[in-house]
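Protein chains: 2
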Amino acid sequence: MQAALEEARLAAAEGEIPVGAVAVLGNRIIARTHNRREQAHDPCAHAEVLLLREAGAALGSWRLSGVDVYVTLEPCPMCAAALVHARIRTVVFGALDPKAGGVRSLFALCEDPRLNHRVEVISGICAESCSELLQQFFISLRETRPPDAS
Amino acid sequence: MQAALEEARLAAAEGEIPVGAVAVLGNRIIARTHNRREQAHDPCAHAEVLLLREAGAALGSWRLSGVDVYVTLEPCPMCAAALVHARIRTVVFGALDPKAGGVRSLFALCEDPRLNHRVEVISGICAESCSELLQQFFISLRETRPPDAS
Chain A
1 MQAALEEARL AAAEGEIPVG AVAVLGNRII ARTHNRREQA HDPCAHAEVL
51 LLREAGAALG SWRLSGVDVY VTLEPCPMCA AALVHARIRT VVFGALDPKA
101 GGVRSLFALC EDPRLNHRVE VISGICAESC SELLQQFFIS LRETRPPDAS
Chain B
1 MQAALEEARL AAAEGEIPVG AVAVLGNRII ARTHNRREQA HDPCAHAEVL
51 LLREAGAALG SWRLSGVDVY VTLEPCPMCA AALVHARIRT VVFGALDPKA
101 GGVRSLFALC EDPRLNHRVE VISGICAESC SELLQQFFIS LRETRPPDAS
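As given, the protein sequences belong to chains A and B, one line each in that order.
Counting from 1, one number per residue, gives the positions in the first sequence under the numbering used here.
Counting from 1, one number per residue, gives the positions in the second sequence under the numbering used here.
Bound-form chain A, shown alone:
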């Protein structure tokens, strides 16, 4: 999760919402990415989607069986379903996302028995650091915005 946090800090430095993710196979990091939605002009450029693309390229297959994903924020429904598509073994995440989480908060897509694969879920790892990074980012965004005229 430390590597995922480093990625999240890179995102913040680039003006992106700080979410970072890492893919691990065995004891080796095979891919590491962060949110790039603004820079890429891509609504799907969340850390997890970019990560799965990078990991698929590294392994030469879209089937990422046995791969574990570490991500600083609870995946949204898009990313949770992407983890299922990729046959990810375990997703480990930091902070909960009560407004849009697709794994615990609003949906439980990684463990839905109707889908063709289940991803084991471990939550709350380094949750405080992950959450603090997000809070700091949004505080600094508000501070740099011009004051409301109303």
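There may be inaccurate statements among the hints.
Because identical chains share one entry, a pair is satisfied inside a single copy or across any pair of copies.
Below, computed lysine to any residue pairings styled on SDA-like, alpha-carbon distance capped at 25 Å [said to hold, decoys possible]: (1) K99 - A58; (2) K99 - S61; (3) K99 - A57; (4) K99 - E128; (5) K99 - L141; (6) K99 - I29; (7) K99 - G26; (8) K99 - L25; (9) K99 - R114; (10) K99 - L59; (11) K99 - E111; (12) K99 - R118; (13) K99 - E54; (14) K99 - L10; (15) K99 - A40; (16) K99 - M1.
Because the hints were derived from the structure by calculation, they are not lab data.
Since the model is a prediction, treat every value here as computed from it, not as a measurement.
Based on the hints, put chain B in the right spot on chain A.
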């Protein structure tokens, strides 16, 4: 939907599950793609995800407000949530996907009041052609496979 069907046929010719998609703004097609999961080794390379990336690049923004998406198959939960992220106005789809659909069949992600945007859904357009293309693809896959020894 005819352009989306053309894209789906291209996918089949490339050995990919035949799903095609088109993005329209005003009366202009701004992006058109098809499923490329096998070729790209990317579990997220569904037609819709590729389409939103292409449309975002065309418009220089991940916010695709006012854009309509035509897709031959009901979007999966990943793609349905991606349409919500992109602020798509309307999604028009052909065939239902009773096993994995994220818009009507298993989930109703495009119309979920808890998410921060709602996408209007129109279903069943050219459903027979869209469905027939998929059926033909899976029949030909079975025919080219060696017979089961059991």
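The hints, checked one at a time:
1. K99 - A58: This pair counts as neither: shortest intra-copy Cα distance 33 Å, inter-copy 30 Å.
2. K99 - S61: between (33 Å within a copy, 23 Å between copies)
3. K99 - A57: neither (32 Å within a copy, 28 Å between copies)
4. K99 - E128: Answer is within: at 17 Å inside a copy they meet the 25 Å cutoff, but 38 Å across does not.
5. K99 - L141: Within one copy only: 19 Å inside a chain, 42 Å across chains, cut-off 25 Å.
6. K99 - I29: neither (30 Å within a copy, 33 Å between copies)
7. K99 - G26: Intra 33 Å, inter 32 Å, cutoff 25 Å: neither.
8. K99 - L25: neither (31 Å within a copy, 30 Å between copies)
9. K99 - R114: Answer is both: 24 Å inside a copy and 8 Å across each meet the 25 Å cutoff.
10. K99 - L59: Neither way: K99 and L59 sit 34 Å apart in one copy and 28 Å across, limit 25 Å.
11. K99 - E111: Answer is both; intra-copy 19 Å and inter-copy 16 Å each pass.
12. K99 - R118: both (23 Å within a copy, 15 Å between copies)
13. K99 - E54: neither (28 Å within a copy, 28 Å between copies)
14. K99 - L10: Within one copy, since 24 Å is at most 25 Å while 39 Å is not.
15. K99 - A40: So K99 and A40 pass the 25 Å test inside one copy only (24 Å; across, 32 Å).
16. K99 - M1: within (22 Å within a copy, 34 Å between copies)
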